[in-house]
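> Each chain is listed here by its residues.
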Amino acid sequence: MKYFAVLAIVVLLAGCESTAVKSASAVKTKAKINQNISLPVASKVAYYVDKSVTEKKVNFYGKMEEALELVTSDLFSETGLLNSQSDFDYLLKVATTSKWDYVWGGWESIIELNVIDRSGKQVFSRSFEQQASGTGGFYDMNAVFNSFAAGVKGSLIDFLNAHHSKLIVNNSDSPKADIKAFFSNMEAGTTGTGFFVNKKGQSVTAAHVVEDCVYIELRHKGQTLPAVIHSSSQLLDLAVLNVDYQNQATVSIEPETSDTLGKQVFVTGYPLAGILSDYPSLTIGNISSKGGLKGAQGIFQFSAPTQPGNSGGAITDYSGNLMGVVSSSLNQRMMLQNTNTTSQNVNFGINSALVKRFLDKHKVEYKPSVSKTDFEKSSAIAVEYSNQILCYK
Amino acid sequence: MFKQALRTCAKSTLTIVLVCFTASTFSQESKTNSLLEYTHAGKAYPPVFFVSNIEDKRFTQKLEEFKAFSLLDEKAVGIPIGLRILKGHRTKQDGTQFSSLMLSASTLGIIPVVSNTEFKVRYDVFVQGKSIANYEYTMDSTDVNNFWTAAYREYETKPSEQQFLEATLARFLNEIKTNKEVQGVFTEYYDYFE
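So the protein lines, in turn, are chains A and B.
FYI, my numbering numbers position 126 of the first sequence as 129, with every residue one higher than the one before it.
FYI, my numbering numbers position 159 of the second sequence as 181, with every residue one higher than the one before it.
Hints are computed from structural coordinates only; laboratory data are not their basis.
Keep in mind it's a predicted model, so treat the numbers as computed, not measured.
Using N, Cα and C, we set each Cβ at its ideal position, and we do this for glycine too.
Each hint should be verified, as a subset may be incorrect.
[Unchecked claim] If you anchor each label on the Cβ, the simulated ranges turn out as follows: (1) A:180 / B:175: 57 to 65 Å; (2) A:229 / B:83: 46 to 54 Å; (3) A:225 / B:97: 46 to 54 Å; (4) B:175 / A:134: 33 to 41 Å; (5) B:173 / A:56: 50 to 58 Å; (6) A:363 / B:97: 26 to 34 Å; (7) A:45 / B:97: 29 to 37 Å; (8) B:110 / A:104: 22 to 30 Å; (9) A:165 / B:152: 36 to 44 Å; (10) B:200 / A:281: 46 to 54 Å.
Use the sequences and the hints to build the structure in full.
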């Protein structure tokens, strides 16, 4: 009994929280890489972690992304989180669900790893369990991270050992399958609005509409087309998309901006996708301030009602000239907290002067012109150049 | 004869260990010094929306003294670039705390509870509300509490933690100086808003 007590005290004193592993080489696995393989192998990989949550289970997808970043950077020459611009030889698709072990403590995770080559063919698949336990208990996320890193590293070593002789290496020339082919039942997670600025299929939208998308589509007049990001600025919240499409209508951009205070404007867009029909909507208002939130530059305030899905849409005057791009609205929750009231129609747009500078910088063609049509005609043209942006995450 | 050889061997091993230790200490010190110093060269970084839970104004003043950012504005929520600095304190859920707690409980609180603690400072650089870079600096220390009153005690930053907190400023500024993404955003800001 005495010895048992001493042993228990020693174990308790020695117990400590997990410390996150700092390098992939420090991740201990049973699997060993074959001696004839020198790391990192020259293949490019992208990784994608499923973010869906199963009932009564937890998805630590953020920790899995961190673990994949650590491990893959040691094993492969190029690696990164999958996005719409990723070029890769292999896609690592990972899904994980975790639950707390109420008997012994620690997180039990089931991890599924699929390796798919650039043609869309699955070349490796493994489902395994990992145990994360540490004295940190429920919140010992370092233990979760370490267990993910160990599990993924072991599986990827097995993949490399099995496929080393036939590994695809930096094969950018061979055709890559459409990202949709890598996922079953892929549905657009978020939507926004864009508008054509030239007749070459280049559409302007807000950068946050296409941020973190693994695949982007542009929908126009019943056609759905794959889109790629031509240029993007997180700072300005602007992006230009390229689609293989010969559109006819484009927005009119004035050589000299005329966004005077009080000017009547309208917004065309595709708000509340999934709730409202796919027809474009049009709301009217005016430029209510030439400034935005304190400290913002190149932003103005307008009163035309907007909803989620309007972001990236064109704000035009009644003659059909671009005044700006829909960017954001005042956060109602923040307003309620700070002022005990909600705001009404306080929306923000990126002014056309800034849009032009962005287009010029990225060499996106547009024809400066002044439109002098009436409201009915302007709104009809706006419907023609406006399009819906679908973002798959 | 054997004893003498053993003694000589032990002496030489000790000398080698001492030399290695001293060398590593010096190299560590010079590296640390370079991290603790920062002099801003070139144009000041763009204005930032500044958020922090550090109430001590001396800390913000110290950051301003580096003249790295042209403005730290706590109210300008519309500035597209943000800098958030948070400090936090956490008691580690480890064996030391558990065994100390048991010991304290068994003496009805006469012996205090000793815990390992972690003092963390986190810096985030945001663009349009999205973090593009973050850095965390951690300092481990020990905390002593009374078993009965620990739950009611408000944690105050210790002098050593305050010193550590201020030292992280130079480390952070040195780190963002070499961060291409952050520097790219700063350059882009001036491209559009000079």
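> Now tell me, hint by hint, if it's right for this structure.
Right, here's what the structure says about each hint:
1. A:180 / B:175: 57 to 65 Å: holds (60 Å)
2. A:229 / B:83: 46 to 54 Å: Once the Cβ atoms are compared, 52 Å apart, the range 46 to 54 Å for residue 83 of chain B and residue 229 of chain A holds.
3. A:225 / B:97: 46 to 54 Å: Roughly 47 Å apart at Cβ, these two residues keep to the hinted range, so it holds.
4. B:175 / A:134: 33 to 41 Å: holds (36 Å)
5. B:173 / A:56: 50 to 58 Å: About 33 Å separates the Cβ atoms of residue 173 of chain B and residue 56 of chain A, which means 50 to 58 Å is violated.
6. A:363 / B:97: 26 to 34 Å: holds (33 Å)
7. A:45 / B:97: 29 to 37 Å: 51 Å Cβ-Cβ, so the 29 to 37 Å window is violated.
8. B:110 / A:104: 22 to 30 Å: holds (28 Å)
9. A:165 / B:152: 36 to 44 Å: The hinted range 36 to 44 Å holds for residue 165 of chain A and residue 152 of chain B, with Cβ atoms some 39 Å apart.
10. B:200 / A:281: 46 to 54 Å: Holds: the Cβ-Cβ distance is about 48 Å, inside 46 to 54 Å.
In this structure, the earlier hints numbered 5, 7 are contradicted, and the remaining ones agree with it.
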